[in-house]
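Q: Next come the chains, spelled out residue by residue.
Protein chains: 6
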Amino acid sequence: MRALYIGRFQPYHLGHHSVIEEIALEADEIIICIGSAQRSHELENPFTAGERYLMISKSLRDKGIANFYIVPILDVNWNAVWVSHVESLIPPVDVAYTNNPLIERLFEERGYDVRVPLMFNRKEYSGSEIRRRMLNGESWEGLVPKAVAEVINEIAGLRRMKALSMSDL
Amino acid sequence: MRALYIGRFQPYHLGHHSVIEEIALEADEIIICIGSAQRSHELENPFTAGERYLMISKSLRDKGIANFYIVPILDVNWNAVWVSHVESLIPPVDVAYTNNPLIERLFEERGYDVRVPLMFNRKEYSGSEIRRRMLNGESWEGLVPKAVAEVINEIAGLRRMKALSMSDL
Amino acid sequence: MRALYIGRFQPYHLGHHSVIEEIALEADEIIICIGSAQRSHELENPFTAGERYLMISKSLRDKGIANFYIVPILDVNWNAVWVSHVESLIPPVDVAYTNNPLIERLFEERGYDVRVPLMFNRKEYSGSEIRRRMLNGESWEGLVPKAVAEVINEIAGLRRMKALSMSDL
Amino acid sequence: MRALYIGRFQPYHLGHHSVIEEIALEADEIIICIGSAQRSHELENPFTAGERYLMISKSLRDKGIANFYIVPILDVNWNAVWVSHVESLIPPVDVAYTNNPLIERLFEERGYDVRVPLMFNRKEYSGSEIRRRMLNGESWEGLVPKAVAEVINEIAGLRRMKALSMSDL
Amino acid sequence: MRALYIGRFQPYHLGHHSVIEEIALEADEIIICIGSAQRSHELENPFTAGERYLMISKSLRDKGIANFYIVPILDVNWNAVWVSHVESLIPPVDVAYTNNPLIERLFEERGYDVRVPLMFNRKEYSGSEIRRRMLNGESWEGLVPKAVAEVINEIAGLRRMKALSMSDL
Amino acid sequence: MRALYIGRFQPYHLGHHSVIEEIALEADEIIICIGSAQRSHELENPFTAGERYLMISKSLRDKGIANFYIVPILDVNWNAVWVSHVESLIPPVDVAYTNNPLIERLFEERGYDVRVPLMFNRKEYSGSEIRRRMLNGESWEGLVPKAVAEVINEIAGLRRMKALSMSDL
Numbered sequence: 001m002r003a004l005y006i007g008r009f010q011p012y013h014l015g016h017h018s019v020i021e022e023i024a025l026e027a028d029e030i031i032i033c034i035g036s037a038q039r040s041h042e043l044e045n046p047f048t049a050g051e052r053y054l055m056i057s058k059s060l061r062d063k064g065i066a067n068f069y070i071v072p073i074l075d076v077n078w079n080a081v082w083v084s085h086v087e088s089l090i091p092p093v094d095v096a097y098t099n100n101p102l103i104e105r106l107f108e109e110r111g112y113d114v115r116v117p118l119m120f121n122r123k124e125y126s127g128s129e130i131r132r133r134m135l136n137g138e139s140w141e142g143l144v145p146k147a148v149a150e151v152i153n154e155i156a157g158l159r160r161m162k163a164l165s166m167s168d169l
Numbered sequence: 001m002r003a004l005y006i007g008r009f010q011p012y013h014l015g016h017h018s019v020i021e022e023i024a025l026e027a028d029e030i031i032i033c034i035g036s037a038q039r040s041h042e043l044e045n046p047f048t049a050g051e052r053y054l055m056i057s058k059s060l061r062d063k064g065i066a067n068f069y070i071v072p073i074l075d076v077n078w079n080a081v082w083v084s085h086v087e088s089l090i091p092p093v094d095v096a097y098t099n100n101p102l103i104e105r106l107f108e109e110r111g112y113d114v115r116v117p118l119m120f121n122r123k124e125y126s127g128s129e130i131r132r133r134m135l136n137g138e139s140w141e142g143l144v145p146k147a148v149a150e151v152i153n154e155i156a157g158l159r160r161m162k163a164l165s166m167s168d169l
Numbered sequence: 001m002r003a004l005y006i007g008r009f010q011p012y013h014l015g016h017h018s019v020i021e022e023i024a025l026e027a028d029e030i031i032i033c034i035g036s037a038q039r040s041h042e043l044e045n046p047f048t049a050g051e052r053y054l055m056i057s058k059s060l061r062d063k064g065i066a067n068f069y070i071v072p073i074l075d076v077n078w079n080a081v082w083v084s085h086v087e088s089l090i091p092p093v094d095v096a097y098t099n100n101p102l103i104e105r106l107f108e109e110r111g112y113d114v115r116v117p118l119m120f121n122r123k124e125y126s127g128s129e130i131r132r133r134m135l136n137g138e139s140w141e142g143l144v145p146k147a148v149a150e151v152i153n154e155i156a157g158l159r160r161m162k163a164l165s166m167s168d169l
Numbered sequence: 001m002r003a004l005y006i007g008r009f010q011p012y013h014l015g016h017h018s019v020i021e022e023i024a025l026e027a028d029e030i031i032i033c034i035g036s037a038q039r040s041h042e043l044e045n046p047f048t049a050g051e052r053y054l055m056i057s058k059s060l061r062d063k064g065i066a067n068f069y070i071v072p073i074l075d076v077n078w079n080a081v082w083v084s085h086v087e088s089l090i091p092p093v094d095v096a097y098t099n100n101p102l103i104e105r106l107f108e109e110r111g112y113d114v115r116v117p118l119m120f121n122r123k124e125y126s127g128s129e130i131r132r133r134m135l136n137g138e139s140w141e142g143l144v145p146k147a148v149a150e151v152i153n154e155i156a157g158l159r160r161m162k163a164l165s166m167s168d169l
Numbered sequence: 001m002r003a004l005y006i007g008r009f010q011p012y013h014l015g016h017h018s019v020i021e022e023i024a025l026e027a028d029e030i031i032i033c034i035g036s037a038q039r040s041h042e043l044e045n046p047f048t049a050g051e052r053y054l055m056i057s058k059s060l061r062d063k064g065i066a067n068f069y070i071v072p073i074l075d076v077n078w079n080a081v082w083v084s085h086v087e088s089l090i091p092p093v094d095v096a097y098t099n100n101p102l103i104e105r106l107f108e109e110r111g112y113d114v115r116v117p118l119m120f121n122r123k124e125y126s127g128s129e130i131r132r133r134m135l136n137g138e139s140w141e142g143l144v145p146k147a148v149a150e151v152i153n154e155i156a157g158l159r160r161m162k163a164l165s166m167s168d169l
Numbered sequence: 001m002r003a004l005y006i007g008r009f010q011p012y013h014l015g016h017h018s019v020i021e022e023i024a025l026e027a028d029e030i031i032i033c034i035g036s037a038q039r040s041h042e043l044e045n046p047f048t049a050g051e052r053y054l055m056i057s058k059s060l061r062d063k064g065i066a067n068f069y070i071v072p073i074l075d076v077n078w079n080a081v082w083v084s085h086v087e088s089l090i091p092p093v094d095v096a097y098t099n100n101p102l103i104e105r106l107f108e109e110r111g112y113d114v115r116v117p118l119m120f121n122r123k124e125y126s127g128s129e130i131r132r133r134m135l136n137g138e139s140w141e142g143l144v145p146k147a148v149a150e151v152i153n154e155i156a157g158l159r160r161m162k163a164l165s166m167s168d169l
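Residue numbers (this note's numbering), protein chains in the order written: chain W, 1 to 169; chain Y, 1 to 169; chain B, 1 to 169; chain S, 1 to 169; chain U, 1 to 169; chain V, 1 to 169.
If you are wondering where the hints come from, they were derived from the structure by calculation, not from laboratory data. From the three backbone atoms N, C-alpha and C, an ideal C-beta is built for every residue, glycine too. You may find that some hints are simply not true.
[As the list claims (entries may be wrong)] Each computed DSSO-like pair below joins lysine-lysine, with the alpha-carbon atoms no more than 30 Å apart:
1) K123(B) to K63(B)
2) K58(B) to K146(B)
3) K58(S) to K58(V)
4) K58(Y) to K146(Y)
5) K63(V) to K58(S)
6) K123(U) to K162(V)
7) K58(Y) to K63(B)
8) K63(U) to K58(W)
9) K58(W) to K58(U)
10) K162(U) to K123(B)
11) K162(Y) to K146(Y)
12) K146(Y) to K123(Y)
13) K63(S) to K63(V)
14) K63(B) to K63(Y)
15) K58(U) to K162(U)
16) K123(Y) to K162(S)
17) K58(V) to K162(V)
18) K58(B) to K58(Y)
19) K58(U) to K63(W)
20) K123(S) to K162(W)
21) K123(V) to K162(B)
22) K162(Y) to K123(W)
23) K63(S) to K58(V)
24) K58(S) to K162(S)
[To be verified] Chain U residues, not near chain W, derived (Cβ > 10 Å throughout):
25) E26
26) E44
27) S126
28) E129
Pulled out of the complex, with its shape left as it was, chain W reads as follows (with noise of 0.2 Å):
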């Protein structure tokens, strides 16, 4: 069985994490979509896909998680070719696991099996909480794999979003 799971990852958390490590126990393969790929340097959506891919490669190579694949996932602006778009550049997958309800009846429409993963503690591991503390000096390494925070100290990426956050007066 394959499984999809797409994201936007900005940036992979544990929340993440611990949704793959137990899709990676049912399925055979996991293809990881990184989505709006083409996005980064905005407060928004900090890292860019190349960022991204280190984070979640990293993090679960660290668990010993082999049977897994990353897609970039460029946004095409239009809704109704957008599974195809992503049909087009991935293996076919018997199953799709995401948190967002567009996407979610997007495949749904498509005639997806489609499954919302539980992800426990949302308040915290959540992407824009994460930025939020990052950008507010507040502790936020916790909240991701060892990994990624390692990876974003590499890439200054906290330089980076306190630059981006600044108003130009």
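Here the structure of chain W is known, so what remains is to put chains Y, B, S, U and V in place on it, guided by the hints.
A: The following block gives chains Y, B, S, U and V in isolation, referenced to the frame of chain W:
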């Protein structure tokens, strides 16, 4: 005389319908352009261009109107080029009708005869009011032609809109 | 039953015309897609989508055929996504007609009932043969519906083609 | 030494003008990039790239400044690729000037020497303040070079902005 | 050490396979980029990116190779921006391998260490030779990894290619 | 009087140069559009828009010509929209000069006064002839302004062209 009428038709409602009926009396042919054709599956733009096409064509056929053409127009996100983009896809027209001030301006700057049709009861005969009612479970069928309500039922339009409105918590 | 017929129509000729007449007898509605809609002013693609729209609609009205819709389709240069792109712009269809082997294959892989219409006298009723005659000053008007010859005259189509064919020496 | 200065110039005002005058003294050549070149006819972006081109070139010629080049730059909506996009369209530069923190960051990450010019009186010499005054019928001509006011008059810029601001009720 | 290997893989064959095996011995990780990812259903590019993904991943897993990542790369048709486009989608690499002289040049101009892998028996281990044999009904299975032949059979690849090659007479 | 001159300038040569010198005498200002601005690193289009910008501006400055502007123009692959695209990026012009029959036709259909400059000795003063000589190691420097030969040397243009011409065997 060939007339152009441009709208987004999310969904096509009785306000649009009565305007087109009136233009159809004066003009030999009406070109109806479906704007933002690539947008769908959003709360503001729930329906695909194909679904909107069906709403318009069925409603007009029901009224016995036959002197119309429907042309889906993709956004180009380049206002200064937009009129030229429309011109390349449709037969030449003598007059352009629109209720959108930007479109009005763009056609005027290109030297067109632009007319703003009078729309009665715009509080109710309005796409956003109809979408609001759909989401809140209020009655909306009376604001659209019968064929439109049928199309929306066939494609399970309300279910789609409710799915899109759900937060992912 | 709703049928789809796809072509480039550079220009619309009697071969297309007789196929559509036949489909119009069987089908309740025909959706005629103008492919490569953004191409024009090239030797292989001299006419804009708007000009082709006019050729088709006038020719069919002249025959008393009214159960058709015309939809311009831009190239996406992404074959695996193309059918989905068409689907998002048109009402659902029961059968697809085409003489283009690539389009035939793409619709078949999506599970469509695809039919290849018999075109008689393809040596003469062929876009490239008609364009060749236009450029060489040979007689071509007999190969297209009367309305098409009129449209090409109105837009000074022959002058355009000759201009395009001139080398810049 | 060749310098780069990037802005949107909606419209070009005395704040920009005094910065460029200063750079023109130090640099052998200034490349002035007009950002978001494809945007126009919006309340935040009323003027086309061509109109902005004219504002800048006339104002600088009036001051006797001649060592400048103007390059319109389209948005690519892909921040990680944007600097490379600019680089492909302009001659190589030694230093980049900008007041936009995102652009500052993107050029810094590519290893550029980036400088943030001091802009005096930013409350008044500001695109949004000037656009606000235009819409409200307040005096704005004193905040832009004389040539800019002339260009805006010639193209009936105020009429355009008022048209865009009208609600369609 | 992280290595990059770029190809179109239409289809993935034993020439590619032996090169990757060799790189896999030296490098800690290989990023395999599938170029022209949006092309498929053409005689020169019969397979989708998803199908090519499957060919590569299965063949490498069969060999026990696991230290690889596969990234589909869309054409941007803008050579001067292409390396930047690739960089935004992949983790940073130390060395780039390619047999395409254009790609070699583009990476070299960006300062990369580029290596041209030795490919033995290029007359037979060549995408165009394999596609030629497929179309002519000659034997080709010996030129690709076993998994590739299986994928092509599953998706009825030969039938697709023959359909594409048929003239529409 | 403001004049427009459009070319690809691969590379800028003495044929272009003498035409522009002549236009510069008659016109108050010349807008020089660099067509196919996004193309580079191809045998037919070896140089980036930025490199071509430098060739033109240096050559004209060397001649003491200052009343010119250079605007890079990306291909839109949509002929019917192309003039409108150019118009949005440049100040209004009174006359358009071009040696390309397609561009001539497109501007004429929009109502422009188009003139075809006489180019003397077109066999030698021709982009394709100069590129042919570069590849074959023949003498070409005499066919371009001195500044152009300098730019091509600085960017190692010959090395780039030879790399592009190498087959990958």
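Q: Each hint should be assessed against the structure and marked as holding or not.
A: Taking the hints in turn, this is what the structure says about them:
Proximity of K123(B) to K63(B) is assessed by CA-CA distance (about 24 Å); at most 30 Å being required, the pair is judged to hold. Under the criterion of a C-alpha separation no larger than 30 Å, the hint pairing K58(B) with K146(B) is consistent with the structure, at around 9 Å. The straight-line distance between the Cα atoms of K58(S) and K58(V) is roughly 22 Å, inside the 30 Å bound, and the hint therefore holds. Under the criterion of a C-alpha separation no larger than 30 Å, the hint pairing K58(Y) with K146(Y) is consistent with the structure, at around 9 Å.
The straight-line distance between the Cα atoms of K63(V) and K58(S) is roughly 22 Å, inside the 30 Å bound, and the hint therefore holds. At roughly 23 Å between alpha-carbon atoms, K123(U) and K162(V) fall within 30 Å of each other, so this suggested pair holds. This hinted pair checks out: K58(Y) and K63(B) have alpha carbons roughly 22 Å apart, not beyond 30 Å. Only pairs whose Cα atoms come within 30 Å are accepted, and K63(U) paired with K58(W) is accepted, the gap being roughly 22 Å.
The hinted pair formed by K58(W) and K58(U) meets the criterion: a straight-line CA distance of about 22 Å does not exceed 30 Å. For the proposed pair K162(U) and K123(B), the alpha carbon gap of about 23 Å is at most 30 Å, so the pair holds. For the hint pairing K162(Y) with K146(Y), the CA-to-CA distance comes to about 22 Å; that is within 30 Å, so the pair holds. With a CA separation close to 20 Å, the supplied pair K146(Y) and K123(Y) stays within the 30 Å bound.
Taken as a hint, the K63(S) and K63(V) pair is honoured in the structure, with Cα atoms around 23 Å apart against an allowance of 30 Å. Among the hinted pairs, K63(B) with K63(Y) is consistent with the structure: their alpha-carbon atoms are about 23 Å apart, no more than 30 Å. Pair hint K58(U) plus K162(U) holds up; C-alpha atoms about 25 Å apart against a cutoff of 30 Å. Annotation: proposed proximity of K123(Y) to K162(S) holds, straight-line Cα distance about 23 Å (limit 30 Å).
As the CA atoms of K58(V) and K162(V) are separated by approximately 25 Å, the hinted pair is consistent with the 30 Å bound. Distance restraint check for K58(B) and K58(Y): the Cα-Cα separation of roughly 22 Å lies within the 30 Å cut-off, and the hinted pair is therefore satisfied. Of the pairs offered as hints, the one joining K58(U) and K63(W) holds, with about 22 Å between alpha carbons and a cut-off of 30 Å not exceeded. Proximity of K123(S) to K162(W) is assessed by CA-CA distance (about 23 Å); at most 30 Å being required, the pair is judged to hold.
Restraint check: the Cα-Cα separation between K123(V) and K162(B) comes to about 23 Å, which is no more than 30 Å; the hinted pair holds. This hinted pair checks out: K162(Y) and K123(W) have alpha carbons roughly 23 Å apart, not beyond 30 Å. The straight-line distance between the Cα atoms of K63(S) and K58(V) is roughly 22 Å, inside the 30 Å bound, and the hint therefore holds. For the given pair, K58(S) sits about 25 Å from K162(S) by alpha-carbon distance, which is consistent with the 30 Å threshold.
A cut-off of 10 Å between C-beta atoms confirms that E26(U) is not in contact with chain W; the least separation is 19 Å. Distance check for E44(U) against chain W: the nearest CB is about 17 Å away, which clears 10 Å, and the non-interface claim stands. Residue-level check passed: S126(U) sits 25 Å from the nearest beta carbon of chain W, beyond 10 Å. No beta-carbon of chain W is positioned within 10 Å of the beta-carbon of E129(U); the least distance is around 26 Å.
Checked against the numbered hints above, the structure violates none of them.
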